[in-house]
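**Student:** Chains as they are written, first to last, in our numbering: chain E, 1 to 298; chain U, 1 to 482.
Hints were generated in silico from the structure; no laboratory data involved.
Careful: at least some of the hints might be erroneous.
[To be verified] Coverage of chain E stretches by chain U, computed from C-beta distances (three or more under 8 Å per stretch; other residues unrestricted):
hint, region
1, 44–54
2, 200–207
3, 280–293
[Unchecked claim] Derived Cβ-Cβ restraints for the label pairs, each shown as a range:
hint, chain 1, residue 1, chain 2, residue 2, range
4, E, Trp91, U, Arg243, 48 to 54 Å
5, U, Leu161, E, Leu67, 45 to 51 Å
6, U, Phe21, E, Asp8, 50 to 56 Å
7, U, Leu15, E, Gly125, 53 to 59 Å
Each residue gets a CB set at the ideal place from its N, CA and C atoms; glycine is no exception.
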Amino acid sequence: MNAPLVTDQLTKCFGSHTALNKLTLEIPAGRVVGLLGRNGSGKTTLLNLACGLTLPTSGTCTTLGKLAGELDTPELSRLGVVFQDGRLLEWMTVEQQLAFSASFYPTWDKARERHLLRELDLASGFSKIAQLSPGDRQKVGVALAVCHHPSLLLLDEPMSALDPIARARLLEFLLDLIREDGCTIVISSHILADVEKVIDWVVCLDDGGLAVSAPLDELQESYAEWIVSAQADSLPAKFVEPFVLTQEVSARQARLRVRPEATAMEQFRTRHRVEITSRPLNLEELFPLLVKERRAIR
Amino acid sequence: MNLRIYLGILRLRTLGLIVFFFWFLAFMFAFCTQQASHREGAYTFLILAILGPIATGCALSQAIHEPFHWPMAILLPRLGQCFREVHIFVIGTLALVFAAFGHLWDAQTPPVVVASFAAAGLSLSLPLESRLLWYGSHRLALSVIGLIVLATLYTHELRMLAQTSPWTASLFGTGLCAMCFALGFSRQRLRARASQPLGMMMSDYFDRAALEDRQKEAIARSRHLGRQWRHGPVGSSTMAWVRVGWHEHFGYRRVGWFGMILIISLSWPVLEAVIEKISGSPVSIAARIYYLVWDSQGPRDAGPSFLIILMLVASISLGGFLRPDQIYPISRARRAWVAYVSSATLAVTFCASLVVLTLPAAWLGAHVAGIDFRPAGMPFPVLAVFVTLPVLPLLQWGGLYMAVRQDKMVHSLFVLIGFTGSALLGIFIHNFPKLIISPVGLLVGALAIAGSQRLYYTALRRFYCKGDLLQRGTNRQNFGLV
């Protein structure tokens, strides 16, 4: 299956500010991709470029096999987008907004629309968009993006205004979506604990460049947290091994975040005469390490 | 997209405006000008084939412009095609309505030409809604106005073309319409975002925040031009009131007589040229004004002339209504009284000038226009006074009520009442002299005057006392209070 989103040397500048800098990336098909990054790292810019809302300064962005700036009916019918600021037509009622968008998609699934509105506890369809809470606007945004069975779904902070229950339901729905449609989902979010439940691929951006693009499992296998306890002597003030990324050291115990090679743990244990308890890192713990590593390389 | 969704996008206000516009057209043509002795085909052609369609087209494209240039619209497949298909149907239907009106009132012009011109006019604003046109975005409204001026100037020629070569004219109209559609609904144009100037026509009126911003700007501007009150607190003596009255009327730097004369002398030849072009008649503006306000037996009928006088009254009333530029150390109740007296003085001055000055002014006008003076319009100033005194405070009260109640429905209702009232007055104007000279007419007139004045004063008092609570973003300074 072709990659639904491919960028090649993609650069986007806003005046003197470079939001994306020569980004080369390939989002694999059928994956749920977590697009991570600090504020201003270029996540929203990438999603805007991917759906053709903005055009690149240089480089190319290919979405569903076509340059993003030239997306036409066949591609747009397979693309769904949710934006964090709930870009909706304020004066319409929810019903009108849904009917308006539905009229452009022959594959619009009315049953899915009803199901989603019910599941997400969306207020009456006769409420005006302007009167909705930010959370309800996001729910409408999600409904607009998924009811035509897209094969690529771009979600930009879709859960930032949702309450925990709505977040959980949305995540469940996304999982259903993958099961039913097998679509590729790119989800940008700061709520990493939630995102982690659904994503299987991580793309981390930093300062407009790519920090990492890899399967989540692979990353979780690569990085770990070691709780190091001294067996006899006290621990050194600082561990100097290159795979140690962060460390909190006391006299008898240390907490290290590491990216070790296969044999590194054994060597470390022997060298420092310590006990090591290792556990995998969750996404929230992993993210700062990815950014730090990228910055160290630069 | 189907017609139901399209009509939903137009929203009630646009649909209401369009329906009202056609109703008003029918009303005016069918009743108000039925006694016109010199209805000119050029005016009918101008309204039905050019101005009416352009105005209606602006309302339509303004309504569909928002969803069409909605940031997410670019992601909707077949957006341009869907909009284009339904819009063609709507434009076609409206063009046929214009053509039907044209057939009724200007039988000399072939309906097919009116329809094609109307279709072009209706779609003219479509390409102007995006920035890709060669004009700068801020000049789009100007380009529409420029086109209207050109069309107005060459109405006579266009009508002649329509009559002599109907198929060429139709082809021209249809071609222009097709070009507008191609430009307006092209996919590339979706990237060009909202152009505010054209939308300003409607959205500024209905958009409360924009309206308030404009009010604040106007207040700031007038405050800049206004003179400062340099006296102490306002007492209750006659002298204090005289000072306040003086400040109220002369504490504001206006264009001045010299400026007015300069503006009129510069614009007069342009107006002469425009009117001559429209009508194809060499009757001068002075003569036209004379006939309009004085001699109803001349080449104009009294209905429209009376409406023009009413428009003048309305504009005076709106100009005089609530001028917040003067700041006094004065209580709210007294500020309300000052505002009331100020507008009442304006009305009385207007009426007095109508009664006292019309005869010499008409004589002078006839002399300037080079036509024979006839005292035909003598009853007219008296009628105007009888209408002005009760109508002016009602208009002011309406303006005040609309300012306080920022409600679209209230605004629409007032506009509807205003238009209908004006049209009804235009129809019954011929019966007014008989009504007014009767005892019942006098009594009703007196009661109407007293009632409307009382209504306005009470509303003013209430506004100044509670305005802070009712109107968002206002404060004591905006009411002219220190």
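**Student:** Against the earlier hints, flag every one the structure doesn't satisfy and list their numbers going up.
**Tutor:** Hints 2, 3 and 7 are the ones this structure does not satisfy, whereas the remaining hints hold.
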